[in-house]
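Chemist: Okay, here's what each chain looks like letter by letter:
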Amino acid sequence: MAMATRSVVSEEKNPRGIPKAPFIADVEQFVGGPDGDADVPLKAFNDAIGKYRFMDANLAQRRQGLEEKIPDYQKTLDMVEYLQERREGKDKAADDADDLDDNDDDVAETSAKPLRTTFELNETLYAEAELKDTDTVYLWLGANVMLSYPIPEAIELLKSKLSAAEKSLANTIEDLEFLREQLTVMEVNIARVYNWDVKRRRERREKEAATSKG
Amino acid sequence: MNNLRLVEHDDENEDAAEVTWEDQQRINTFSKLNNRMRSLEDKLHELQQTKEALDDLATELELADEDESVLYKVGETFLHMPHNRAMKRLERDQAVLDDKLSSLGSRSDDCQKEMNELKVALYAKFGRAINLDE
Chain D
1 MAMATRSVVS EEKNPRGIPK APFIADVEQF VGGPDGDADV PLKAFNDAIG
51 KYRFMDANLA QRRQGLEEKI PDYQKTLDMV EYLQERREGK DKAADDADDL
101 DDNDDDVAET SAKPLRTTFE LNETLYAEAE LKDTDTVYLW LGANVMLSYP
151 IPEAIELLKS KLSAAEKSLA NTIEDLEFLR EQLTVMEVNI ARVYNWDVKR
201 RRERREKEAA TSKG
Chain V
1 MNNLRLVEHD DENEDAAEVT WEDQQRINTF SKLNNRMRSL EDKLHELQQT
51 KEALDDLATE LELADEDESV LYKVGETFLH MPHNRAMKRL ERDQAVLDDK
101 LSSLGSRSDD CQKEMNELKV ALYAKFGRAI NLDE
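Going line by line, the protein sequences match chains D and V.
For the first sequence, counting from 1, position 21 maps to 21 in this note's numbering; every step adds exactly one.
For the second sequence, counting from 1, position 47 maps to 47 in this note's numbering; every step adds exactly one.
Keep in mind the hints are simulated off the structure, nothing from the lab.
Careful: at least some of the hints might be erroneous.
Computed cross-link-like contacts, BS3-like style, restricted to lysine-lysine with a CA-CA straight-line distance of at most 27 Å [to be verified]:
hint, chain 1, residue 1, chain 2, residue 2
1, V, K73, D, K159
2, D, K51, V, K32
3, D, K167, V, K51
4, V, K125, V, K113
Distance ranges between label pairs, derived from CB positions [as the list claims (entries may be wrong)]:
hint, chain 1, residue 1, chain 2, residue 2, range
5, D, S168, V, D98, 23 to 31 Å
6, V, N35, D, K20, 16 to 24 Å
7, V, D99, D, D47, 45 to 53 Å
8, D, E203, V, L104, 49 to 57 Å
9, V, Q48, D, K69, 22 to 30 Å
10, D, E128, V, N116, 52 to 60 Å
Every residue gets a Cβ at the ideal spot worked out from N, C-alpha and C, and that includes glycine.
Build out the structure end to end from the sequences listed, making use of the hints.
Modeler: This is the structure in C-alpha cells:
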C-alpha cells in the first residue's frame with residue numbers, strides 16, 4: 001500500500017518564520033495504518049530535530065552578542081547624557097547669573113573648570129585627561145568607522161540603537177523559547193513512534209509464534 | 001536519542017497515562033518557565049551584588065571629606081566630581097537599580113506562581129511518572 005509522503009513539520013510558523021512541530025496524537029494513523037512504515041517518519045523527525053538544534057545554536061549565539069552589546073550602549077549613553085547635563089547646567093547658570101541658588105552655584109563652579117576624568121589607557125593602567133567644553137562627541141560605529149555628532153543627535157542615535165538591540169533581544173529570547181518547545185514536541189514524537197514500532201514488532205513476533213505453533 | 005533504554009516487557013505496558021496535546025503543552029510551558037526562572041534568578045543575583053556595592057559606596061561617601069572630589073565611574077571612565085554631585089548621582093543610580101530589582105522580582109514571582117499551578121495539574125495526572133522538581 002503506497003504511503004503518501006506527509007510533511008513532518010506543520011505549515012504554521014512563528015513570527016520569525018520558525019515552523020511549528022506537529023504533535024502526533026495517534027501514531028498508527030500518522031504512520032498509515034498497522035502496516036505503515038515507521039522508519040521514514042523517524043528519519044524525517046531526526047532531520048527536523050537537527051534543523052531545530054542548528055537554529056537553536058544560532059539564536060543562542062545571537063542572544064549572547066546582544067547581551068554584551070546592550071550594557072555597552074547603556075554606558076556610552078550614560079556618559080554622553082552626563083556631558084549634556086553638564087552643558088545644560090552651565091547654560092542655565094549663565095542665564096540667571098543674578099540669582100544663583102546653591103545648586104546652580106555648584107554647577108557653575110564645576111563647569112567653569114574643565115572636566116577631569118581618569119580613563120583606562122590599558123588594563124590596570126589609567127591616565128588623567130581634561131576635557132574642554134564641547135558640543136560634539138565622536139561615536140565608534142564599528143568597522144573602523146568613527147563619526148562626530150553634536151551631543152543631542154548622539155543621544156538620539158544611542159537611544160535608538162539601545163532600544164533596537166533590546167527589542168531584538170526580546171525577539172531572540174522568544175524565538176529560543178518557542179524553538180525549545182518544538183524540539184521537545186519532536187523528541188516526544190520520536191519516542192512515541194519508536195515505542196509504537198517496537199510494540200508492533202513484538203506483537204507480530206508473538207502472532208507468528210502463535211500461528212507457527214498451531 | 002541517547003537516553004533510550006530497553007524496557008523489560010512487563011514494565012512496558014503499565015497503566016501509563018496517555019499524554020494528550022494539552023498535557024504536552026503544559027509540560028512545554030513548565031519547561032519554558034523553568035528556563036526563564038533560571039535566567040531571571042541569575043540576573044537578580046547580579047543586580048543584588050551591584051546594589052550592595054552601591055550601598056557600600058553610599059556609606060563611604062557619607063564618611064568622606066566633603067571638599068574632596070570623588071572619582072565616580074560613569075560608563076568605563078572615572079569622572080572627578082564634587083562630593084555633593086556624586087551623592088546625588090549615586091541616589092539616582094540606586095533608584096534606577098531598585099526599580100529594576102523590583103520589576104525582575106515580580107516577574108520571577110509570576111513565573112513561580114504559574115509553575116506551581118502547572119505542577120499541581122501535572123502531578124495530579126501523572127503522579128510518579130513525571131518529575132518536576134530540581
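Chemist: Provide an ascending list of the numbers of those earlier hints which the structure does not satisfy.
Modeler: none
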